[in-house]
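Respectively, the protein sequence lines represent chains A and B. Numbering of the first sequence is given in this note's numbering, commencing with residue 42 and proceeding in unit increments. Numbering of the second sequence is given in this note's numbering, commencing with residue 8 and proceeding in unit increments.
Just so you know, not all the hints are guaranteed correct.
[As the list claims (entries may be wrong)] Some chain A residues judged to face chain B by a derived CB distance under 7 Å, without partners named: (1) Val53; (2) Arg55; (3) Ala67; (4) Trp77; (5) Gln80; (6) Val134; (7) Val135.
[What the hints assert, rightly or not] Cut-off 30 Å, straight-line C-alpha distance, at most; resulting in silico cross-link-like pairs (BS3-like, lysine-lysine): (8) Lys113/B <-> Lys63/A; (9) Lys116/A <-> Lys63/A; (10) Lys113/B <-> Lys116/A.
These aren't lab readings, by the way, just hints derived from the structure by calculation. Here a beta-carbon is modelled for each residue, glycine too, at the ideal position from N, C-alpha and C.
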Amino acid sequence: MKTPADTLSVVVERDIAHPPEKLWRALTEPHLMAEWLMQNDFQPAVGRRFNLRTAPYGKWNGVIDCEVLAMEPRKSLTYSWDSGEGPLRVTSVVTWTLTPTAAGTHLRMEQSGFRSDQPQNFQGAKYGWQQFFANLEKMLARTE
Amino acid sequence: MKEMTAVQDALFRTLADPTRRAIFERLCRGGEQTVRVLTDHAGISQPAVSKHLGVLLQAGLVRGRHEGRQTHYSAQPGALAPLVDWTGSMVGFWQRRFDSLEDLLKRMDQ
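Next up, chain A with everything else stripped away, as it sits in the complex:
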């Protein structure tokens, strides 16, 4: 049996001095998201695919492929977050959780990724080992 500890994840939490309603707008309205996160074509609907776009960096085109996976207005929002190519491809899921506090909102962001111990999950289900090695080969050819 594998344990959840095998899943790589990043958690950032902060107490925010603003109410959940206002924070929810900043997390879900495209023109507001663009101000703190990235340019985007987000729409608040489960199943909706969207992109986050930033400046290309090195071999990365700066595009993040996302899909809204779950949503409970003013409480939680989950979307997939896939970026990069070849061995640097990251497939992950970002979950925002908003908890009302006396002073405003406790905001929690968790980004969890592939399981490091399982080759079949290493690149996510849609990205097999074959593809991984093919891309590694291409990348090595470029770097040599």
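Once you've looked at the hints, dock chain B against the given chain A.
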């Protein structure tokens, strides 16, 4: 997101050889195997396969388990983690995004 470290460099070098990479890939797909079984598929001599396994063992990509006179080799894909060490850089990324989010929320007040 950052410059390639010595560890990443070593992993890339180890996997740069197509034959060695094929052996590693076979172990990832097929689970634990002996040198003889690997040789049947590799199209090279058993000593050559053993040599590649030695390099993979040294890089931590493969582990050997002795059973009687035979050694069973298995892949350690977790050793590839340095190639995708995104967790460290992502924490910094999100901290900066949280800062920007708080700035925005202040501006929304006005």
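Results of checking the hints against the structure:
Checking valine 53/A against chain B by beta carbon gives a least distance of about 4 Å; that is within 7 Å, so the hint holds. The interface hint given for arginine 55/A holds, since its Cβ lies 5 Å from the closest Cβ of chain B, which is under the 7 Å cut-off. Checking alanine 67/A against chain B by beta carbon gives a least distance of about 6 Å; that is within 7 Å, so the hint holds. For tryptophan 77/A, the shortest C-beta to C-beta distance to chain B is roughly 4 Å, which falls under 7 Å, so the interface hint holds.
Because the beta carbon of glutamine 80/A sits about 13 Å from the nearest beta carbon in chain B, more than 7 Å, this interface hint is broken. A cut of 7 Å between beta carbons decides the hint on valine 134/A: the least distance to chain B is about 13 Å, and the hint is violated. Because the smallest distance between the Cβ of valine 135/A and any Cβ of chain B comes to about 9 Å, over 7 Å, the interface hint for this residue is violated. With a C-alpha separation of about 11 Å, the suggested pair lysine 113/B and lysine 63/A falls inside the 30 Å cut-off, and the hint holds.
In summary, the hint linking lysine 116/A to lysine 63/A is supported, as the alpha carbons are separated by about 12 Å, within the 30 Å threshold. Note on lysine 113/B and lysine 116/A: the hinted pairing holds, with a Cα-Cα distance of about 21 Å set against a maximum of 30 Å.
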